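Asker: For reference, the chains in residue letters:
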Amino acid sequence: MKKIGSVQTNQPKGPLWVNAEITYKCPLHCVFCYNPLDYASTFKSELSTEDWLKVFKQSRELGAVQLGISGGEPLMRDDVEIMVEEGTKMGYYVNLLTSGIGLTEKRIAAFKEGGLGQIQLSFQDSTKELNDFLSSTKTFELKSKVAKLIKEHDYPMVLNVVLHRLNIDHIGQILEMAEAMGADHVELANSQYYAWALKNRAYLMPSAEQLRKAEETTNRFREKIGNKMKLYFIVPDYYSNRPKACMNGWGSVFLNVAPDGLALPCHEARMLPGLTFPNVRDNDMGWIWNESPAFNAYRGESWMQEPCSSCDERTKDFGGCRCQAFQLTGDATNTDPVCDKSPHHNIITEAVELAQKPQAPAVDVKPIIFFRDDKNSKALIAQEI
Amino acid sequence: MSLDALARDQLLSLEKQFRFQWEPAQESFVLLYPEGLIKLPGSSGEIMKLIDGSKSVDMIIAHLEEQFPGIDLKNDVLDFLEHAYEKNWIRTN
Numbered sequence: 001m002k003k004i005g006s007v008q009t010n011q012p013k014g015p016l017w018v019n020a021e022i023t024y025k026c027p028l029h030c031v032f033c034y035n036p037l038d039y040a041s042t043f044k045s046e047l048s049t050e051d052w053l054k055v056f057k058q059s060r061e062l063g064a065v066q067l068g069i070s071g072g073e074p075l076m077r078d079d080v081e082i083m084v085e086e087g088t089k090m091g092y093y094v095n096l097l098t099s100g101i102g103l104t105e106k107r108i109a110a111f112k113e114g115g116l117g118q119i120q121l122s123f124q125d126s127t128k129e130l131n132d133f134l135s136s137t138k139t140f141e142l143k144s145k146v147a148k149l150i151k152e153h154d155y156p157m158v159l160n161v162v163l164h165r166l167n168i169d170h171i172g173q174i175l176e177m178a179e180a181m182g183a184d185h186v187e188l189a190n191s192q193y194y195a196w197a198l199k200n201r202a203y204l205m206p207s208a209e210q211l212r213k214a215e216e217t218t219n220r221f222r223e224k225i226g227n228k229m230k231l232y233f234i235v236p237d238y239y240s241n242r243p244k245a246c247m248n249g250w251g252s253v254f255l256n257v258a259p260d261g262l263a264l265p266c267h268e269a270r271m272l273p274g275l276t277f278p279n280v281r282d283n284d285m286g287w288i289w290n291e292s293p294a295f296n297a298y299r300g301e302s303w304m305q306e307p308c309s310s311c312d313e314r315t316k317d318f319g320g321c322r323c324q325a326f327q328l329t330g331d332a333t334n335t336d337p338v339c340d341k342s343p344h345h346n347i348i349t350e351a352v353e354l355a356q357k358p359q360a361p362a363v364d365v366k367p368i369i370f371f372r373d374d375k376n377s378k379a380l381i382a383q384e385i
Numbered sequence: 386m387s388l389d390a391l392a393r394d395q396l397l398s399l400e401k402q403f404r405f406q407w408e409p410a411q412e413s414f415v416l417l418y419p420e421g422l423i424k425l426p427g428s429s430g431e432i433m434k435l436i437d438g439s440k441s442v443d444m445i446i447a448h449l450e451e452q453f454p455g456i457d458l459k460n461d462v463l464d465f466l467e468h469a470y471e472k473n474w475i476r477t478n
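Chains C and X are the protein sequences, given in the same order. Heads up: the first sequence is residues 1 to 385, going by my numbering. Heads up: the second sequence is residues 386 to 478, going by my numbering.
Warning: the hint list may mix true and false statements.
[Unchecked claim] Capping the alpha-carbon separation at 30 Å, the derived lysine-lysine pairs in DSSO-like fashion look like this:
1) 440(X) to 112(C)
2) 401(X) to 224(C)
3) 424(X) to 112(C)
4) 244(C) to 440(X)
5) 228(C) to 401(X)
6) 54(C) to 424(X)
7) 424(X) to 244(C)
8) 112(C) to 459(X)
9) 424(X) to 228(C)
10) 440(X) to 57(C)
11) 472(X) to 316(C)
12) 112(C) to 25(C)
13) 401(X) to 230(C)
Since the hints were made in silico from the structure, they are not lab data. Model, not experiment: these values are computed from the prediction.
Starting from the given sequences, assemble the full structure and let the hints guide the process.
Answerer: This is the structure we're talking about:
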């Protein structure tokens, strides 16, 4: 009876969490999207329903218990119902991560019937104008309707709001909206700077003052509302002096499968050079997880350089994020520059300093911001931008 | 907001977002919930197995005492159930 409810975080046996990015197609064009810049290159090579069920089955055999169905907007595919039902039958806890667009009464009823565990609804902002601007579509009213549907089907209302410079000052309104919608869990996560969000970093990173105020507002709201709503506030890692333990370590618990079948240790790893990521069309999940060179590349500590390799915190944060190390320093084996022991930490502090300067209001920024859309993605594939 | 103390005569169920199952890969019972896993090794899993909406705290204790005669397990069971209740894994019907 001693070790009640010990949460397993570093499971060497197999993945615990399989994230199925079933499509990168999306009706939204969020400026902070973490999908790869060249996401449009996957449109013609998306896995079939049968391919996905094979991935789920083999990963389940490895011990995975959580299945995320995400995208893009997963509801752009019409076979999510089959995935939910079959995934549940296999013993997964199935999570649907959606913008809510395409979530009809009929579909949500089918998901419930199929055993879907939870629906996580993303929201850009509480005000219609800014929400529409940030996602570049008229979606706010639709999402409010979807939130009602979610409650009516007896799901907890899990809201995921990506915070950044342009919406963080609205946090009070965001929280009021969450309360009005009957939200049970609200994650207020500052955007992380990968992919599209890295492209738009200068426009997205909040100032220290904005963060301080937003946290204050969140804390006040938390006191007011008590246990009724669980609130999580996550600051950008650029404001820390130690890196995040990204994915609980490379190839430790998390397995991401992209729409084109590429198996990745995280959402972003596709960008890393020098690694050949296996495709689920060619290899079984057991080999991919246990044997493939890519999944073993940054396991353990032998790949580490100084200051990580002799640091007594290396078992805690695993040197941070490989993708962040690569995209900011050019070498994925470097220490994540968020760490103030990194010789490249100035890259972070300079970006943070820049964020303290005043900027144009959101509406004026629109022409400069780089929207995640097919035109921009295709242009990036052709390296026109 | 503090929770009420766990009543011993009310029937217990899992919270609706939780699922309880045996995991061969973990060699343990587990509770699954959105994006998470709680391992319930040994006796904690055996207790959780009895939470099915038809038994109260007292009934669970009686059931286990019958299953393991001569072992004083009442306090351990109470500790675990109170912990589970505080963590919102279980609720009274």
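Asker: Which of the listed hints are not met by the structure?
Answerer: Hints 4, 8, 10 contradicted; others consistent.
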